[in-house]
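S.K.: Take a look at the letters that make up each chain.
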Amino acid sequence: MKARRITALVTGALMVMAGAGCGGGGGDKSSPRTLTYWASNQGRSIQQDQQVLGPELKKFEQRTGIKVKLEVIGWPDLLNRILAATSSGKGPDVLNIGNTWSASLQATGAFQSFDDATIAKVGGRNRFIPSTLTSTGAAGKPPGFVPLYGLAYGLFYNKKLFADAGLKQPPRTWEDLVTDAKKLTDPAKKRYGVGIEGASYTEAAHFAFMFGAQHGARLFQGGQPGFDSPAMVAGVRQYVDLLGADKVVDPADAEYLNNDQILGDFARGRFAMMMIQSFATAGLRENGMKDSDYGVTPIPLPDPLPPGGRRVASHVAGINVGVFKNSGNKDGALKFVQFLTSPEEQKILNAAWGSLPVVPQAYDDPRFQTPATRTFRAVLADEAETLPMIPQEAQFETLVGNTVKGLLADAAAGRPVDEATIRAKLTDANKKMQAGG
Amino acid sequence: MARTVTAPGSAPARTPGRPSPRPRRRVKALPYVLLLPALVAELAIHIIPMLVGAWMSLLHLTQFFIRNWTQAPYGGLSNYRIAVNARGPVGKDLLQSFLVTLAITAVVVGCSWLFGTVAAVLLQRPFPGRGALRTLFLIPYALPVFTAVITWRFMFQRDTGMVNALLSDELKVTHGHPFWLLGDRGFAAVVIIAVWRMWPFAFLTVTAGLQGIPGDLYEAAAIDGAGSFGVFRRVTLPLLRPVNRVLLLVLFLWTFNDFNVAYILFDQPPAAADMISIHIYNASFITWNFGLGSAMSVLLLVFLMVVTLGYLGVGRLRSRHA
Chain A
1 MKARRITALV TGALMVMAGA GCGGGGGDKS SPRTLTYWAS NQGRSIQQDQ
51 QVLGPELKKF EQRTGIKVKL EVIGWPDLLN RILAATSSGK GPDVLNIGNT
101 WSASLQATGA FQSFDDATIA KVGGRNRFIP STLTSTGAAG KPPGFVPLYG
151 LAYGLFYNKK LFADAGLKQP PRTWEDLVTD AKKLTDPAKK RYGVGIEGAS
201 YTEAAHFAFM FGAQHGARLF QGGQPGFDSP AMVAGVRQYV DLLGADKVVD
251 PADAEYLNND QILGDFARGR FAMMMIQSFA TAGLRENGMK DSDYGVTPIP
301 LPDPLPPGGR RVASHVAGIN VGVFKNSGNK DGALKFVQFL TSPEEQKILN
351 AAWGSLPVVP QAYDDPRFQT PATRTFRAVL ADEAETLPMI PQEAQFETLV
401 GNTVKGLLAD AAAGRPVDEA TIRAKLTDAN KKMQAGG
Chain B
1 MARTVTAPGS APARTPGRPS PRPRRRVKAL PYVLLLPALV AELAIHIIPM
51 LVGAWMSLLH LTQFFIRNWT QAPYGGLSNY RIAVNARGPV GKDLLQSFLV
101 TLAITAVVVG CSWLFGTVAA VLLQRPFPGR GALRTLFLIP YALPVFTAVI
151 TWRFMFQRDT GMVNALLSDE LKVTHGHPFW LLGDRGFAAV VIIAVWRMWP
201 FAFLTVTAGL QGIPGDLYEA AAIDGAGSFG VFRRVTLPLL RPVNRVLLLV
251 LFLWTFNDFN VAYILFDQPP AAADMISIHI YNASFITWNF GLGSAMSVLL
301 LVFLMVVTLG YLGVGRLRSR HA
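Going down the list, the protein sequences come from chains A and B. Just so we're aligned: the first sequence equals residues 1 to 437 in the numbering used here. Just so we're aligned: the second sequence equals residues 1 to 322 in the numbering used here.
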C-alpha cells in the first residue's frame, strides 16, 4: 500500500513538474499592460542611461497605463543578445539597435516590418528626416526599423592643447592631422596627439569602412566580400598607422573598450584629438569639460583624395528602434515607438545623449543649434555614406572590426604592422565570410 | 541490474505462498519511478540538447533561419569539412585554439595539482593556525568567478594595473609596462588566474584523500628509516592514486572547457589565450553560422569523450594488473 502511495505521489509530482515546464516554455506572453524595452547604451554608463530613460518611461506609463521594463545593454554584448533572442523567440517587445545592423537583423524575419500600415501607426514615413530612413533596412523592402537617434562622426580637438602647441586651427587634411598629432605627442609627459577606442570592434569597423571608402573601396561587390582589396588595405592602414607607424596614439588605448575611458582621457587633456560620434558632446559634459574648451570639425580627408576615393567623413550613423514580431503587445509596442519618436521625447532624449533628432520639428530647440550640432548635420548632409544595407553587413562589422582590433593590439605590443600583414589578416576575414555565408 | 532481470522468473518459484503477482510488480516499479525524475532531468538537460546540437551541425543555420531553424537547409557534413580543414582560415584558427587550450590546460592542471598536493601534505600535521590557513587557501575557490576575474582584469591592465606597478615599478623585474591582456602575455594571464582558481580544489581533494591513509603506515615507514620525501613518494603518492586519478580528470575537464575566465578577462581573447569554448562561441556569432558552431562543439565533445573514456580505461587496466 505504501509503495503504491509513493508511486502515485512521485507520478503526481512529475506531472506537476511537466506542467510547470510547459508553462515556462510558452510563458513569453506579455500582458497588454507591460512592455520590455532593450536599449543600447547611449550615455557614459548603463546607470546614466537608466537615469535618463526612467522618468520618460514613467511619463509613458502615466499617459497609456503601460509599464515599460527597461534593460540597458552595453555594445560589446548587444548583437549577441539580440541574436540569442531571435533564435529562442524570447526577447523584448521593443528594442533599439545600431542602425548599420538593420538589413542583417531584418533578414532574420524576427522583427515587425514597418510597412505602410504599420508605419502609419507611428505617424507615417514623412515624419522622419529622409536621410535617416536610408539605414533602416534593405533596399526595396519595407523598413525593418524606424530611426530613433541620429549620429555622425566628427573630429574633436582640445583648444587649449592646440594653442599650447602653437596650432591656430584644426587640421584640414588627413596629412595635417598626422603632422599636428606628432607635434602634440610627448610620450615622456604621457600626452598624445590622438586617442582611440582600440578594443572596440564596432569603432574599428566604422573606420575601416570610412577610410576604405576614402581610398575607393567597396565592401561588397554583388554580395561577394571585398575586404582585402588594395583600397581596403590602404584604409585600414591609415587607421592602424596612427598607433603603429606614426606613434601618435598611446599604446594603452588598444585596451580601451568603453566610451568612458576615451572621454575621460580627452577631458583630462591626455590627448588632443579624437574621432568619435556626436554622443561625445554629452559624455564630455558629464566628464566636466565645458563645450567651449573643445571644437568639432569634420574628420579631414586625405588631400588629394586617392583615385576612386569618395568624400566619406562618417557613415550615416545612428540608432534605430524596432518591434519584435513575437511581442504579445504589438499595439502597445508601436505606441511606445511613436512616443520615443515624438518631437517632445526626441528633444529630451537627443539632448541627453548628444545625438541628433530624427524628426525635423525637434530642431527648433536651441540645444540643437550649437556649432557642434551644425557640424554634425553638415557631415551627414555632405560627407556621409550609408553602410551597405545588405544582410551580410553585421558580419562585416564583427569580422573586419575584430581583425582591425587585433592589428591595433599587435601594433601596441610593438610588432610591425605593414601592408602585407594587414592584407593577410583581411584575406582571412574575407575567407571566413565566404565560408560562413 | 542482472539480479533484477532474473527476478521475475525465479522469484515466484521461491515464494510460492504469495498468490498475487501484482504487489510485487508494484514494488519493482518503484525504483524506476523514483529514478524517473533523474532520468527526465538527464534527458532534458544533457541528452536532448546534445542531440539537437548534433542535428544543428548538419544544417546551414544562418541568420535567415535562426528564427525558425527547423527550416534551415540540410548541409550534410559540409560544416565539418570547413571546421577540420586546417588550410582554410576557419579550420586553422580552430586548430590553433585547440592547441593553445591543450597547452593552457597542461600547465594549469600540472601547477594546480602540484600546489594542491604540496599544501595538503604540509598541512597534514596539526599545528596552531592550521584551520585558518586551510580556510585562507580555499578563498579563491569560494569567490564568485565574475567578481574575481574582473578584479584580475583591473590588476592586469597595462597602465593602471597593479601587476605592472609591482613587477616594473617596484621590483624592476620587467622593463617598461608590458600588455597582459593583449598579445602573447594573455597566455600567462589566463594560466595565472586559472591556477589561482583551480588549485584550492586540488588542495581540498588531496586533503580529503590524505585522511584515508592509515597513520600506522607512516609510523612503519619512519621506523624503516624513510625520510619525509621517501614517505611521500613511497607511501602517500601510491595511496593517493585513486584520488589523483579522478582529480586530474576533473581538473582537466574543468580547465579545458572553461569559458568564464577568458571571456570575462578578454571578451575576445588574443590568439595566445584563445580558449576553445570561447573560440567556438565567437566563431558562431561572428559569421552567424550556428551550424558551423555546432559542428565545432560536436568535435569538441567527441574529443573529450575519447580522452575521458581512454583515461578511465587505461586506469582500470592498470589497477587490474596491479
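Because the hints were derived from the structure by calculation, they are not lab data. Given the structure is predicted, the values throughout are model-derived calculations rather than measurements. Just to be clear, a hint being listed does not mean it is correct.
Unchecked claim - Partial pick of chain A residues on the chain B-facing surface, computed with a CB cut under 10 Å:
hint, residue
1, L79
2, T86
3, L105
4, A231
5, A234
6, Y363
7, T386
8, A409
9, T427
10, A435
Cβ coordinates follow ideal geometry from the N, Cα and C atoms, glycine included.
S.K.: For every hint, state whether the structure bears it out.
M.R.: Consistency of the hints with the structure:
This hint holds: A:L79 has a C-beta 7 Å from the nearest C-beta of chain B, less than the 10 Å allowed. For A:T86, the shortest C-beta to C-beta distance to chain B is roughly 6 Å, which falls under 10 Å, so the interface hint holds. At about 8 Å, the closest approach between the beta carbon of A:L105 and any beta carbon in chain B falls short of 10 Å, and the interface hint on this residue holds. This hint is violated: A:A231 has a C-beta 21 Å from the nearest C-beta of chain B, more than the 10 Å allowed.
This hint is violated: A:A234 has a C-beta 22 Å from the nearest C-beta of chain B, more than the 10 Å allowed. About 36 Å separates the beta-carbon of A:Y363 from the nearest beta-carbon of chain B, more than 10 Å, and the hint is not met. Of the supplied interface hints, the one on A:T386 is violated, with its beta-carbon coming no nearer than about 20 Å to a beta-carbon of chain B, more than 10 Å. At a threshold of 10 Å, the smallest CB-CB gap from A:A409 to chain B is about 4 Å, leaving the interface hint in force.
This hint holds: A:T427 has a C-beta 8 Å from the nearest C-beta of chain B, less than the 10 Å allowed. The beta carbon of A:A435 is positioned within 10 Å of a beta carbon in chain B (closest approach about 5 Å), and the interface hint is therefore held.
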